[in-house]
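Number of protein chains: 2
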Amino acid sequence: MLYPTPIAKLIESFTKLPGIGIKTATRLAFYTIGMNDEDVNNFAKNLLAAKRELTYCSVCGNLTDDDPCNICTDESRDRSTVLVVEDSKDVSAMEKIQEYHGLYHVLHGLISPMNGIGPDDINLKSLLTRLRDNSDIHEVIIATNATADGEATAMYISRVLKPAGITVTRLARGLAVGSDIEYADEVTLLRAIENRTEL
Amino acid sequence: MLYPTPIAKLIESFTKLPGIGIKTATRLAFYTIGMNDEDVNNFAKNLLAAKRELTYCSVCGNLTDDDPCNICTDESRDRSTVLVVEDSKDVSAMEKIQEYHGLYHVLHGLISPMNGIGPDDINLKSLLTRLRDNSDIHEVIIATNATADGEATAMYISRVLKPAGITVTRLARGLAVGSDIEYADEVTLLRAIENRTEL
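Chains as they are written, first to last, in UniProt numbering: chain C, 1 to 199; chain A, 1 to 199.
By construction, these hints were calculated from the structure, which means they are not laboratory data. Misleading hints may appear alongside valid ones.
Identical copies look the same in the list; a pair holds intra-copy or inter-copy alike.
Stated by the list, open to error - Straight-line Cα separation of at most 27 Å, DSSO-like style, residue types lysine-lysine; simulated pairs:
1) Lys45 x Lys125
2) Lys125 x Lys89
3) Lys125 x Lys23
4) Lys125 x Lys162
5) Lys96 x Lys162
Model, not experiment: these values are computed from the prediction.
Could you put the whole structure together from the sequences, leaning on the hints where they help?
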């Protein structure tokens, strides 16, 4: 015997999570057994509920428990702007700053030629349909990560949308607030100089 | 809105695990939603099963799904030796080497004067009862960690048991296999010299 079956099974479940190896899984499983009944019951309930109740908004692709999601149905939001992000976590990051009041579109991935992920493998077609069917949308803000895949995706979307007369913008590149010039990488510094603003 | 309620609740459950902050919890929760139904259902089931089915062996204190545990009831094991460990994970580590065939006693903690944990706060009294009621036991091997608390616990147990005529031993201290003398700490080197063995 190594571990009793119930804990061996729980350890196995924990190892299926990203970044959790056998040692961490063992530690978490043993900790769970020492937790109070209510917390463990809630944990199990929340796992099932999240899996069962959450779905992707049929309009914007955002993770939601209502379809369409409460951003798409919110009449007070600016319906002329769509901000395009990689995943639902980016929507939350953007909502936290409480400065953007338009709509979203979640791609669930980025175009990545290196990994064989093309425009058809992400939630992009529905953005084009959305723009075609909805003449209210005048600006698409591309807010993909500042990585190679993020850039490739931004370039692709802008090439597809520009002929349709839609303004395509993307988030500014430059020094992160609080960062040191000394430690900034060269490409960031280059973008910061190129995009310098008047004081 | 930040996150839909079901995912916010799942994130909260994940943050209750040790070493998992809000960022990791968010990552795990989002990952869970993308997992297949079967894995998530099993995860929830395993959580509840581990909590419900596991108990501590009334004889040795080891985590088990049968009471007494299958080590205590295994008639093929050497019933004259008891190896004392801090927790059930140590039992598993010891069982993995398949060299020890005696019984165990799990303390569920260590005596720690610095943290106000005394002999009555760990599963020690049951060891004394076990030794008193069972004249088969001739040797107690103390396998607590090589830390200050582990040493304190070992010293205490040996002081209590020696007058009763029981042989008390503890795991050897010395260089870990594969380690460099150059990087060994002074106390380890000292123990390694003191306990040197003839070739």
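Indicate which option fits the pair Lys125, Lys23 if close means a Cα-Cα distance not exceeding 27 Å: within, between, both or neither. Result: close neither inside a copy nor across copies, 42 Å intra and 31 Å inter.
Which holds for Lys45 with Lys125 at a C-alpha limit of 27 Å: within a copy, between copies, both or neither? Classified as neither; 35 Å inside a copy, 38 Å across copies.
As a check of your reading, is Lys125 near Lys162 (CA-CA no more than 27 Å) within one copy, between copies, both or neither? Classified as within: same-chain Cα gap 15 Å, cross-chain 78 Å, threshold 27 Å.
For Lys96 and Lys162, with the copy left unspecified, which applies at a CA distance of at most 27 Å: within, between, both, or neither? neither (29 Å within a copy, 64 Å between copies)
Is it within, between, both or neither when you check Lys125 against Lys89 at 27 Å Cα-Cα? within (21 Å within a copy, 51 Å between copies)
Of the numbered hints listed earlier, those contradicted by the structure are 1, 3 and 5.
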